[in-house]
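Protein chains: 2
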Amino acid sequence: MIRYGILSTASIVDRFVAGIRESGDGYVQAIASRSLEKAKIAAERLNIDNYYGSYDELFEDDNIDVIYIPTVNGLHYRDCRKALLHHKHVVMEKPFVLHSLEAIELFELAKKQNCFLMEAQKCVFLPTTKKVKELINNNIIGKVKYIEYKAGFPGRFDYDHWMYDLTLGGGALYGSSTYTIESLQYLFDQPDLDIDGTCIKCPTKADEICNFQLKVNHEILVSATIAMNVELKNEAVFYGELGYIVVPYFWKSKGLELHIHGQETQYFDYPYQSEFVYEIKHIHDCLNKGLIESPVMNKEKTIQACQLVEKLYQKWQ
Amino acid sequence: MIRYGILSTASIVDRFVAGIRESGDGYVQAIASRSLEKAKIAAERLNIDNYYGSYDELFEDDNIDVIYIPTVNGLHYRDCRKALLHHKHVVMEKPFVLHSLEAIELFELAKKQNCFLMEAQKCVFLPTTKKVKELINNNIIGKVKYIEYKAGFPGRFDYDHWMYDLTLGGGALYGSSTYTIESLQYLFDQPDLDIDGTCIKCPTKADEICNFQLKVNHEILVSATIAMNVELKNEAVFYGELGYIVVPYFWKSKGLELHIHGQETQYFDYPYQSEFVYEIKHIHDCLNKGLIESPVMNKEKTIQACQLVEKLYQKWQ
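If you read the sequences in order, they're chains A and B.
Per UniProt numbering, the first sequence starts with residue 1, numbered consecutively.
Per UniProt numbering, the second sequence starts with residue 1, numbered consecutively.
One or more hints might be untrue.
Remember, identical chains collapse to one label, so a pair may be satisfied in a single copy or spanning two.
In silico DSS-like pairs for lysine-lysine, Cα to Cα no more than 30 angstroms straight-line [unchecked claim]: (1) 201 with 143; (2) 254 with 40; (3) 201 with 133; (4) 111 with 281; (5) 201 with 289; (6) 215 with 289; (7) 143 with 205; (8) 215 with 82; (9) 143 with 38; (10) 130 with 233; (11) 111 with 311; (12) 82 with 233; (13) 143 with 131.
If you are wondering where the hints come from, they were derived from the structure by calculation, not from laboratory data.
Chain A extracted, bound-state conformation (with noise of 0.2 angstroms):
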């Protein structure tokens, strides 16, 4: 069994332990949060027998194997280091870091420790997403042209929630946009990527829509809108000279169309219970084999994520 703390009680915890679960060889050995009666509250309803109200006692539980990591997007950084340094194997939520040198350190501090770290980066191991590889590698949309990619969420939070301080790693791009880019990174192995993108702000300065534009190693144009403010059709469409690929909620598809011109609509489901058992039973592979460093969602595609949304809020600024 591989034993999970996990740090904080935000909302992606139930179904992140839920995946933990649903893998089979998992186990939520601990919770933590910053005051210990939200820990305990979520420690009943999850039914997790261990609680802290402080992170450092989950960092020192030597019953831990790997920290679970989705806390505030500016604090990842902090929280990973600390990790690290307590010799814990780490998987932290996407954005991971809001600079391409912090990844970069964190990783470098990874093999240090020799510890096991990965970006949470559910989307690249849904079965969805690998046959949407599959249908693009034997060519069942032809030469793909464009890609799309629309999310929106509005009316979740309030302007003085954190996803609205850019400061902590608020802001529509820091929030979604690394499904889209560690996709590609994935679909077509760790290729050339380009970005551009513009924005436009809430009275807080974060982006609260913005739309990016990839360019695939040169040959495919990807066009990605993430909105906090309007709800649009959340999918993925993959365009080729043949046909194209939808992909309802690409982020956790449970399944895809295959419209191929001038035939009938095929449908593949790929039906779950937490969209995170997929990544869970890859970080268990990983574990189970002694590696340091996934294989698929590895440090390269993690740095180079880093790196474009570090250029677009450059270019924000």
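Once you have looked at the hints, place chain B on chain A.
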């Protein structure tokens, strides 16, 4: 009757001639081609009495009030200038000219010659476009936050066609971006528009697929994709806080879908014979009032559109 001279036998001519006739008060006086044989064939097909084997003869025909210019984009400036110097009113296809200084010069010349000059932007005169404006102004979809335009015309031409020659005004952006830009100008009453964008070039150096973004009055984000290399869903979608509007084939639309969150979709249909008829009726209104500039598709809009497109091409060099 307003008497038209048609400059060239471009493929668009048949639909424009149909629009003149559908208008009820327009008459096609003559058609000209650089080849007498081609002019004759077109005149017979379109039932036009007079045809010329040179453009000069058309310019010199005293029985013509308006010259319609649908020549190769890169020749617009030359042809328009000559028509104006011959004291003809001019309606010229989009994109108006390749460089904004040429547009400024032509509008100055038209004023000096006391001739009507308008960019042929059928999109803004369509009943569907008017309906979108009405729905937005009446706040039916709430505050608009995001607009998406998509158009794909694959496999229409070979790389040796002028549509792939940038010096002649080829490329995806020159081809179709003004539908988007000038619709926005109309819908939001000559708004402030920022542009940025990315393209993928084909071997001829023309952009065969591009994605550009506009910020409307610093508060609405627009993403537009135009592809000459792949089939896309051809539509415009206006996303507001309460719902969204879908306009299939927005540049020649026959209706729209209104989606209000939580309500049944409403459909509005606006059938026509030629999509040019609304634009042509507007031209006749202007001419009957003795105007030399359209109050709708005015010189400010055309010059701004030229400037925005020019800015992107400069970036793409």
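Each hint, compared with the structure:
1. Proximity of residue 201 and residue 143 under a CA criterion of 30 angstroms is satisfied inter-copy only: 16 angstroms between copies versus 36 angstroms inside one chain copy.
2. In this homomeric assembly, residue 254 and residue 40 never come within 30 angstroms of each other (Cα to Cα): the closest approach is 33 angstroms inside a single copy and 60 angstroms across copies.
3. For a Cα distance limit of 30 angstroms, the shortest separation of residue 201 from residue 133 across copies, 25 angstroms, qualifies, whereas the shortest one inside one copy, 34 angstroms, does not.
4. Taking the closest pair of Cα atoms, residue 111 and residue 281 come within 30 angstroms of each other only inside a single copy of the chain (22 angstroms); across copies the shortest separation is 73 angstroms, beyond that limit.
5. Taking the closest pair of Cα atoms, residue 201 and residue 289 never come within 30 angstroms of each other, the shortest separation being 45 angstroms inside a single copy and 45 angstroms across copies.
6. When the C-alpha separation of residue 215 and residue 289 is checked against a cutoff of 30 angstroms, the pair qualifies neither within a copy, at 35 angstroms, nor between copies, at 50 angstroms.
7. In this assembly of identical chains, residue 143 and residue 205 lie within 30 angstroms of each other by CA distance solely across copies; the values are 20 angstroms between and 39 angstroms within a copy.
8. Taking the shortest alpha-carbon separations for residue 215 and residue 82, neither the intra-copy value of 36 angstroms nor the inter-copy value of 42 angstroms comes in at or below 30 angstroms.
9. Taking the closest pair of Cα atoms, residue 143 and residue 38 never come within 30 angstroms of each other, the shortest separation being 51 angstroms inside a single copy and 38 angstroms across copies.
10. Taking the closest pair of Cα atoms, residue 130 and residue 233 come within 30 angstroms of each other both inside a single copy (22 angstroms) and across two copies (25 angstroms).
11. In this homomeric assembly, residue 111 and residue 311 come within 30 angstroms of each other (Cα to Cα) only inside a single copy, at 26 angstroms, whereas the closest approach across copies is 47 angstroms.
12. When the C-alpha separation of residue 82 and residue 233 is checked against a cutoff of 30 angstroms, the pair qualifies neither within a copy, at 39 angstroms, nor between copies, at 49 angstroms.
13. Only within a single protomer do residue 143 and residue 131 lie at most 30 angstroms apart by alpha-carbon distance; the minimum there is 16 angstroms, versus 38 angstroms between protomers.
Violated hints for the displayed structure, listed by number in ascending order: 2, 5, 6, 8, 9, 12.
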